[in-house]
Amino acid sequence: MAEKNKKIIKIIIKNTVRIIKNLFLIPDGTCRYNPTCTEYAVEAIEKYSLFKAIIKIIWRILRCNPFSKGGYDPNK
Amino acid sequence: MNKNTIIALLLIMITVSFFGSETYQKFYTEKIKKNEYKKPEIKKEKRTKKDNEQNYSEYKNDKEIKGTEEIKKEDDEKKVDTIWLENKKMTIGITEMGGKIVSVKMKEYQNEDTKENIEIIRKQEKGGAQLYIGGISYNEKLFDDGIDGDRKIKVKNKEDIKLKYEKDGEIVEKIFTIEEDSYKIGLEIKSENIKGKSVNVGWEGGIVESEKQDNRQEQRVVHYYNGKNIEHLKFKNKKQEETTGFYKWIGITSKYFLVSIVSENINDADMGISGYKIPGNEKEKKVVEIDYDISFKTVAEENYKKYWFYVGPTKFEELKKYNEGFEKVLFPVMGYGKIFFWSEKWFPWIAEFVLWLLLMLKSIVKDYGVAILIITIISRIVTYPMTQSSVKSMNKMKEIQPKVNKIRSKYKNNPQKMNEEIMKIYRKEGVNPLNPGCLPMFLQMPIFIALFVVLRKAIELRGAETILLPWIKDLSKPEVLISLKSIIPGGIPIYGSQIALLPIINAMLMFIQNKMTIKDPNQKAMIYIMPVFILFIFNNFPSGLVLYWTLSSAIQLFQQYITGKKQEIKK
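One line per chain: the protein sequences are A and B, in this order.
When we follow the numbering used here, the leftmost residue of the first sequence carries the number 3, and every step to the right adds one.
When we follow the numbering used here, the leftmost residue of the second sequence carries the number 8, and every step to the right adds one.
Just so you know, the hints here were simulated from the structure itself, not pulled from any lab data.
Backbone N, C-alpha and C define an ideal beta-carbon position, used for all residues, glycine too.
Heads up, a few of these hints could be off.
What the hints assert, rightly or not - Stretch by stretch, here's where chain B covers chain A in the computed footprint (C-beta under 8 angstroms, at least three residues): (1) 13-21; (2) 49-55; (3) 70-76.
Make the full structure from the sequences, and use the hints.
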């Protein structure tokens, strides 16, 4: 049951990311990284535990600013 | 896009919308009716000393007693008079029974349906300005107002109403002061020959939720302010919440109104919220009625105490006038909102700025819809450099996408090689160094949220109409183009009981936008799901906000189209 709940939470978060992107009218070409923050977030949630994934996503978004180099930055 | 994703999206939609829907509300009220006469179960409570059943019967009585006329009738039998004071902003009823405030009506604000002035006090037979001295209640004792003639008084400049209780040498005096053009009600308490030293002044009548459509969600909040920081207490489906401490003022807000007791100095205050359920149905999660009770207690050595009440709208400039920090009740950050980097410190500033901007523009163009349009254009201009470079690089990425997809399928079984190859392409094509990055986009978010909060909370926008969309009666409420109430009484689940035009336009814009940009086959379904999602969610949002969003996405779409055309020509 707990496993199932976690799975559902993950799916919800994954789609919330997409919804936020759409809702706040963020164009696709915004991100300085590849994969983009949205893709990164979705991957991270699939790959890591919920807590770790959220931390990673926040850290990634903080890095994705005009002063960063950007470039290729996959989930390792 | 797999099955799970679709299920999850549906789940989000349902959770967001279901509890707010009228269907749920109706289902719920019917449940109450069914259970109304079940056997009561008595439970002792620490704070109120009353049990759930008694609270509930009081609630029912209160529902039956409507308007002050009936209270007046009752008064006549007991030879209790009510004094009616009227100033420029409100009408106040003060009864001789306990010298309480039994009615406060706002002259500037009318009920949506009945068009009558809004009555602020929820429980009029309890009223406000309760007094206890030495633990003894003076609320059921008969005071004398010393007025012979007409008890309807028009306040000119300033009016003092003296109510006196005298028995066996005990004297208690309550003096109310009302000014001509103010929401302030002053209260002085003088006593003689009374043993008890502690003076307790409270407001037990609570506050009415004046807005019909918000009844489904408890919006009332208790606030307390110590001269520096404001704190909030909200009912959270527990049976009761309570807190004590030393504060300068304490108050309860509904969506648009504030009732507050202000003490001269920082004083010992008591705040309580108790919700109660239908007797005999303790399993039921939702409560029928919530009581709000605030009071100050002090030790009065000199037999004299002074307080004042603010009973009026939570209108920013009005609240600011009193220099007590009342304006802090307007945009509070509560609960989970606090986790965002000290948001309770900076978010109110942003909201106040947005409100200021909106009011300022309104005073120039005389129309809230146009003011929102101008704000949209301003925010688009400010973010133009950012969005422009995003759009440019988005178009570029779209060109590379087929190559990337090719590599992805080619090196499916060798992720490392795949990454290397993709990296090569990006290096070759050069990911636009002008990309603004995602963080700046997120920094816009507080402004979006501020606009949302302002549209919902600012009383200035209550009943605001616009020439842009003449059928909208109120920008702070969901738009109603065609009401479905007569056709489908409960409304369509999630969607609501009205058809609104703006969300439909918005969904169409979103569809075009997605059609233009989403090329990733994994996300194909998003092209169709997002617009539907937007349509359902926006249908119950304040129409002013949906207006902002529609304009915003229309401008963005236009920008994308133009930029795309230009880039094509360049080649």
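Consistency of the hints with the structure:
1. Here the stretch 13-21 of chain A counts 7 residues with a CB under 8 angstroms from a CB of chain B, which clears the bar of 3, and the coverage holds.
2. Chain B is given as covering the stretch 49-55 of chain A, and this is violated because 0 residues of the stretch bring a CB closer than 8 angstroms to a CB of that chain, at least three being needed.
3. Counting residues of the stretch 70-76 of chain A whose C-beta lies closer than 8 angstroms to any C-beta of chain B gives 5; at least three are required, and the coverage claim holds.
Consistency note: the structure conflicts with earlier hint 2 alone.
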